[in-house]
Each structure stands twice: as structure tokens, then as C-alpha cells.
Amino acid sequence: MDHRHDDRRGLTLAIHPTAIVGPKARIASDAQIGAFSIIHDNVEIGENVIVGTHCELGIPTPLGDGRPLVISADSLIRSHSVFYESSHFGKGLKTGHRVTVREMTVAGDGFQIGSLGDIQGHCSIGQHVRFQSSVFVAQRTKIGSFVWVFPNVVFTNDPRPPSNTTQGANIEDFAVISTNSTILPGVTIGQGSLVGAGSVVAKDLGKQRICFGNPARDRGDVSQITLKDGSNRSAYPWRRHFVRGYPEEIVQEWNRLFETNPEG
Amino acid sequence: MDHRHDDRRGLTLAIHPTAIVGPKARIASDAQIGAFSIIHDNVEIGENVIVGTHCELGIPTPLGDGRPLVISADSLIRSHSVFYESSHFGKGLKTGHRVTVREMTVAGDGFQIGSLGDIQGHCSIGQHVRFQSSVFVAQRTKIGSFVWVFPNVVFTNDPRPPSNTTQGANIEDFAVISTNSTILPGVTIGQGSLVGAGSVVAKDLGKQRICFGNPARDRGDVSQITLKDGSNRSAYPWRRHFVRGYPEEIVQEWNRLFETNPEG
Amino acid sequence: MDHRHDDRRGLTLAIHPTAIVGPKARIASDAQIGAFSIIHDNVEIGENVIVGTHCELGIPTPLGDGRPLVISADSLIRSHSVFYESSHFGKGLKTGHRVTVREMTVAGDGFQIGSLGDIQGHCSIGQHVRFQSSVFVAQRTKIGSFVWVFPNVVFTNDPRPPSNTTQGANIEDFAVISTNSTILPGVTIGQGSLVGAGSVVAKDLGKQRICFGNPARDRGDVSQITLKDGSNRSAYPWRRHFVRGYPEEIVQEWNRLFETNPEG
Chain A
305 MDHRHDDRRG LTLAIHPTAI VGPKARIASD AQIGAFSIIH DNVEIGENVI
355 VGTHCELGIP TPLGDGRPLV ISADSLIRSH SVFYESSHFG KGLKTGHRVT
405 VREMTVAGDG FQIGSLGDIQ GHCSIGQHVR FQSSVFVAQR TKIGSFVWVF
455 PNVVFTNDPR PPSNTTQGAN IEDFAVISTN STILPGVTIG QGSLVGAGSV
505 VAKDLGKQRI CFGNPARDRG DVSQITLKDG SNRSAYPWRR HFVRGYPEEI
555 VQEWNRLFET NPEG
Chain B
305 MDHRHDDRRG LTLAIHPTAI VGPKARIASD AQIGAFSIIH DNVEIGENVI
355 VGTHCELGIP TPLGDGRPLV ISADSLIRSH SVFYESSHFG KGLKTGHRVT
405 VREMTVAGDG FQIGSLGDIQ GHCSIGQHVR FQSSVFVAQR TKIGSFVWVF
455 PNVVFTNDPR PPSNTTQGAN IEDFAVISTN STILPGVTIG QGSLVGAGSV
505 VAKDLGKQRI CFGNPARDRG DVSQITLKDG SNRSAYPWRR HFVRGYPEEI
555 VQEWNRLFET NPEG
Chain C
305 MDHRHDDRRG LTLAIHPTAI VGPKARIASD AQIGAFSIIH DNVEIGENVI
355 VGTHCELGIP TPLGDGRPLV ISADSLIRSH SVFYESSHFG KGLKTGHRVT
405 VREMTVAGDG FQIGSLGDIQ GHCSIGQHVR FQSSVFVAQR TKIGSFVWVF
455 PNVVFTNDPR PPSNTTQGAN IEDFAVISTN STILPGVTIG QGSLVGAGSV
505 VAKDLGKQRI CFGNPARDRG DVSQITLKDG SNRSAYPWRR HFVRGYPEEI
555 VQEWNRLFET NPEG
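Protein chains in written order, with our numbering: chain A, 305 to 568; chain B, 305 to 568; chain C, 305 to 568.
Certain hints may be false.
The list cannot tell twin chains apart, which means a pair is met if one copy fits it or any two copies do.
To be verified - Here are the simulated DSS-like pairs of lysine-lysine, each with C-alpha atoms no more than 25 angstroms apart in a straight line:
id, residue 1, residue 2
1, 446, 511
2, 395, 328
3, 532, 507
4, 446, 398
5, 532, 446
6, 328, 507
7, 395, 446
Please keep in mind that the hints were generated in silico from the structure rather than gathered at the bench.
Treat the numbers as computed from the prediction; the structure is a model and nothing was measured.
Go ahead and model the full structure; you've got the sequences and the hints to work with.
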């Protein structure tokens, strides 16, 4: 890796002079790379991407498949974050500070990872998933679209630690995993379901259910939970009342579906 | 931001030559700024402050109110920490490594934040509060004075995640929140009360009480808990026997109050 | 600390030109030091060691005993990690990113610390111990050999927080502490025992037992737990079937012992 790739910097003043960019990295001309950050060779960075300070992107690893780390357009990677090669993110990735993402992670558009998130790689994440801070994702975890994960949640994968068996959790679309919960290996959380704070979830949870406790138990239909805004409306499915930050076309589709199926 | 502000460095050798300091940052002449750290323009750093290596202080954000990040005298910010603009800390702030503090955080004197602490901003923290490692503070949390918070505690704020309602927790003076506990949105922990390790606290707790469990239940008066030093004395109020590191005038006031009211 | 120690760099091209190495640091000629990393004077780094980017090793502290930070041969310290002086690690230390290790930590060979691990110092760790991400180790914790610790586990040490009494936990050889568990002060986890995920352990656990829950209760002999690989074999002692990454001579000794004592 060259210390500095002067030709490129001549064209793109937005690469800080202290940043270290590999000569083979493909970086859109309007990308911004912060001070003391390092971009390795096997990296593609799209248009309108901002990389904060003290980051390291595209760390080589024999555990990858040779493909580059792809950071698509309109992404923001905050300071002190670390990404390995051979992972792919859709448009509009947003991270907090100090995120770690290992190789062979595939995520759709609009993925948000809060500060200190730790994704162990070899996992798939759908569209517009939002993690708050300090979420840990073991290998082979499968997360659907529009999932929410709150601080300190852990997705595990070894049912008999330590063993040679790996069973990732499976989180279906629109599910919500609240703070400090642990999802045990191989557990499925059904579409639109809610795991309450501090839960230890050892059994599969169906669709549109709520569970909580240690061990977590199914406590009924999630639609029985009402909003705390004085409206007495059901709080779930959450996409009926919470649409902040989602693309307009997605919100319109959600609204169309609710008109067709008011229960849905 | 200038790469280096040579005039200032000429006067204060304690700014490391690799540090990057904005030309408008106001930094006391005896402050020390570590290698590879970045100080943005909208920052005020008081006398006898040490900033470790690889930090970034005063990150601009439209979510602030335009006011600077203020780090008052006698503070120590350890390496890899990140602070946004528009937050204010009293004298003697001490942080561990890799602390993140977002905008609109206001804290009194003597605040200690352990490594990996993550303060989401828009919150208030009283005098001489002490966090151990990996404490997460959601927006709108209100923490009184002389509060203790142990590792991995999470203060949440969304009662129906995700929703548009934000209800910060309210932690009163002298309260102690033990390791790995979750404080649910809008919950008040009363003055001098103790939340046991691993609790999930969904209900308000009165003054001088102890709760623990998932869900946490009120288990009685905290003064029934005795010290483990062989003395058989009550362990709470803790300020009767634990005064390490607090200013002398505060300890004297605590002692005066106990003479007036031996129960208090 | 000199900005750069040119003589050494002349000999060892593997010290990145942006790294800052104290002139008194003793670094094996084939060690690699990453970009923007800092090695203080009171450090010894053995042969075939790789230090990632943005690290700081050997931070001086009056709480040490004057001895150096020793990183023995064949070690890998990943980026953004921080070690203080006066700690000693055997051969083959491997860390994730953003590890923090304070002074007076002593660990044997083959220690693995996952990303975001936070070791508060003044503790002892045996041979071939493996921590996954975000493990917190309070001072005076004593961890045996071949112990496994999973993400977000906290070892505490203050039985009446805050107090002047410090009682570290004691984790015996081959024990396994699962995700998100809290080990309360002074608790002993017996040899080969398993603490289930999300446990809050307030009482000692004997040898070869399993406990889980909040509060954790002894649920019986750990050998009753069977593998999830379809074999119906007992999952514990785990060293009967899981040997990945351990030195050949250790695995052979384990096998010899099992031949002598099939139960053991």
C-alpha cells in the first residue's frame, strides 16, 4: 500500500492529506476520506460517500472470497470504523463510530449500524435494517428487511459452546429486538414480532407476537400493545405510524398494503 | 480546518506535531493534545486538560445549537474518544478510552465516563457522576448528582420501539445502577436507591429502595443491605463509608448532614 | 517519546513510517507495526508479532510496577487497541479490534480477546483462554486455563457498589461463560462448568455443573447436555470434541486423560 496516492489526491481534495489510500482502491471522485484513515486496495467506494477519521477499510483476509469491500453511494462511515474486504453494502449505509464489520457480510440499502456494532461476517442483512449501538451479530445470522435492533443485543450461533455446530438466528422482516436481549442459536423471530428488553430467547417466536423475560415466553399478539402518545392506537405493526427516514416509495407501498388489509 | 496551526504549536509544545487543531479552537496554553488527535474549530479546552491520542473533539453537527464543545479545566480524555460540538462539561471530566458523546449533553463537575461509554446527547448529568465501562445513555435521559452506573447498563427512551415518543429515564441523586441492567423508558429511580445487577426495570422505584430481577421488583429498604467488610454496618447510604475521590468540601457536607440526621 | 526512531526503521521496514515508536522500546526485528500506531518506551515486543493500525501500546501509569508491557512472540494485536505498561502476555496473543488492557494483567500463552474487550488490570488469566467480543473483566478477577467467555459477559468485583471491598470472581479451568452473563463478585465457577446465556450468577457453582437464569440456579450435571450435531453425544466436557486451534501437544494430553478416565 502506498502511503499516498498523489495523482488521485490532486483530483479529489476531499481525501485528507494524512489519509492512506491504496493505489488500486476505486473511489468515486467526490468521496471524502477523513484524516488518519486507511483505504486498502480491494475497496470500491461510491459517489457521495463520507468516511470519517481513523477508519480502516478493506482489511485483507484469507477468509474472504477475493471480492472487494463495496460501499455504495450516499453512505456515511463514522470515525474509528473497521471493515474487511469481501463485504457488500447497498446505498445509504450509515454507521456510528467504531463499527467493526468482518468479511462476507451482505446488506441491502439503507442499513444503519450504531456505534460499536460488531458484525462477525458471513451473514445477510435485508433492506433498511436499523441497529442501534453495540449490536453483536454472530456468523450465519440472517436478518430480513426493515428489522430494528436496539442496544446491546447479541445474536449468537453456537448451541453448545464451544462446538463445531453453527446455527445462526433468523430474524424476519419488520421484527423488533429490544435492548439487551440475547437471541439463542437457530432461533427464528417471526415477521413483525417484538422481543422485549432483557429477553433471553431460546424458542422460535411466531409472526406478530410479543415475547419477553428470561427465559422469554410468548405473551400474545403484538397488536395488543398500544402507543404511549395518548392515542390508544396499536403500536404494532409499527410501520403504520413510524416512517421516519424511509424512502417515500417504500412508505407509499406500506400505506397501500394497509388500505388493502387494515389488519396487516 | 487547517492541518496545523503553527503559531499555537510554537507556544505549546504539548500539542503533538501530528495532531490537527482547527485555527479557531480555543485551547488553554498548558493543554496537552495527543498524537493523531483532531480538535475542530468549535471547541473550548480549559487549563490543565489532557487529550489522549486518536481522539476527535468538536465534530460539527446540525443537531447542535451552535455553541462549542466545552471541556473545562483539569480534565482527562483518554484515547480514541469522540465528542461532538454543543456539549458542556464541568471541571475534572475523566473518560476512559473510546468514549462517544453526542451534542447537547450537559454534565457537571467531576463526571467520569468509563471506556466505550456512549452518550447519545440531549441529556443532563449532575455533579460527580461516575460511569464504569460501556454505559449507554439514550437521548432525554436525566441523571442527578453522585449517581453510579456500572458496566453495560442501558438507559432507554422509546416505550414502543420504534415510535415517535421519547421518554428518558430519570435517575435521582446518589442512586446506584448495577452491571448489565436495563432502565426502561420514563422510569424514575429514586434518590439513593440501588438497582441490582442484571435487572430490567419497568416501574418507578422509590427513594432508598433496592430492586432486582427481570422484571425488577422492589425488595425493600436499601439500608437492610450490609457491607461485606466484616463490619455488619449498612452498606447504604454509600456515602457514609465511601468517599474516595470526591472533593473535600463535599465529603464534609455529607458528614455534617449525617450528624444532623443519622438515618439520612 | 521520539516522533520516529529512524535507526530502527532503517532495519525494520515493517514499522510503518507514520508509526511512533519510543527509542527505548525493545521490538523484535521482524515485528510489524501498523500505520498511526504508537509504541511507548516501556514495551517489549517479541518475534513475529503484528500490531495493527491506530493502536497505543505501553501507556505509562503510576498504577503499574515499572515493568514493561510484554507482548510475546507470534502475537496479533488488531487495530485501535490500547495496552498499558506492566502487563505480561504469553506467546500467541490474539486480539480483536479496540481491545483495552490496563496494567498488571498477566495472561498465559494463546490468549484470545475479542473486539472491544475491556480488561481492567490487576488480574490473572491462564493458558489458552478465549474471550469473544465485549468481555469486561474487573480487577482481581482470576481466570484459569482453557476458559471460554462469550460476548458481553461481565465479571464484577464490588459486592456493595460502591464500596472499598474488592472480590474478584474465580473461574476455574475449562469453564464456559455464555453470552450476556454477569458473574457477581467473589463467585467461583467450578472446573468444566457452563453458565447459560443471560445468567446473573450470585452463588458459587461446583465442578461440571450447568446453571442459568436470573438469578442463576444449578440445573444439574453439565454432561447431560447433548451435542446438536445429531450424534447424541454429551457436549461436555467440550474438549472431547472441540480442539480447534489448540496446540497439538495439549490435544494429545487431553486425549490421554480421557483414555485413562472416560468420565473426565
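In ascending order, which of the hints set out earlier in this document are inconsistent with the structure? Per hint list: single violation, 6.
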